[in-house]
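S.K.: Here is what each chain is made of, one letter per residue.
There are 2 protein chains.
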Amino acid sequence: MRVVVTVMPKPGVLDPQGRAVGHALSNLGFAGVGEVRIGKVVVLDLAETDADAARAIGEDMARRLLANTVIESYRVTVEA
Amino acid sequence: MRVVVTVMPKPGVLDPQGRAVGHALSNLGFAGVGEVRIGKVVVLDLAETDADAARAIGEDMARRLLANTVIESYRVTVEA
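Chains A and B supply the protein sequences, listed in that same order.
For the first sequence, the positions run 1 to 80 when the numbering used here is used.
For the second sequence, the positions run 81 to 160 when the numbering used here is used.
Chain A with its partners taken away, still in its complex shape (with noise of 0.2 Å):
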C-alpha cells in the first residue's frame, strides 16, 4: 500500500525557504503572489495491505522521524 505523508511548517512559524520562493517569483515578474510554504511529501511503499494499518504506520513514522512536531504538522493518505 502507498503512504503519503506530507509536512508542513505550523502556522505562524518562520518559513524562510517559502519567504525566498516568493522573492524569486515576484523577481520573475509573477505579480500577486501572497504567502508561500513550503514542505516535504514523503511516498512510501509499504507491505502492509490494510489500510487503517498503513495509515498508522505513517502516522506513527511522521510522529517519530519524519516530522519535527514542535514546528511541523503532518498529514497522512493513503492510496490503494
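Hint data in this document are derived by calculation from the structure and do not stem from the laboratory.
Treat the hints with caution; some may be incorrect.
To be verified - Simulated crosslink set (DSS-like; lysine-lysine; CA at most 25 Å straight-line): (1) Lys90/B x Lys120/B; (2) Lys40/A x Lys120/B; (3) Lys10/A x Lys120/B; (4) Lys40/A x Lys90/B; (5) Lys40/A x Lys10/A.
Only a predicted model underlies this, so the values are computations on that prediction, with no experimental measurement involved.
Following the hints, complete the assembly by docking chain B onto the known chain A.
M.R.: The following block gives chain B in isolation, referenced to the frame of chain A:
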C-alpha cells in the same frame, strides 16, 4: 486562491534522500518499508480568483522555478 504545487523526483532518478529515510525507518524498527520517495510541496496564496487562471499560473511557476523538469515532475492542484 490557494495553489498547491507538488514536485517529485521522476521515476528512475536516484533519490538519496528517500534512501536515507528508508534506512532510518528500518533502523527504527519499521518493517515492510519498500521504496521511499521524497519531494516538496509548495503552497501559494495567489490574488488570482479564477481557478483555471490560478492553475495556469501554478504550472508556469513550476516550469520556470519550482521544478527542475529534467529530473522532477510536478502536479498542480487548486484549492478554493
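S.K.: Please flag the earlier hints that this structure goes against, numbers listed from lowest up.
M.R.: The structure breaks none of the hints.
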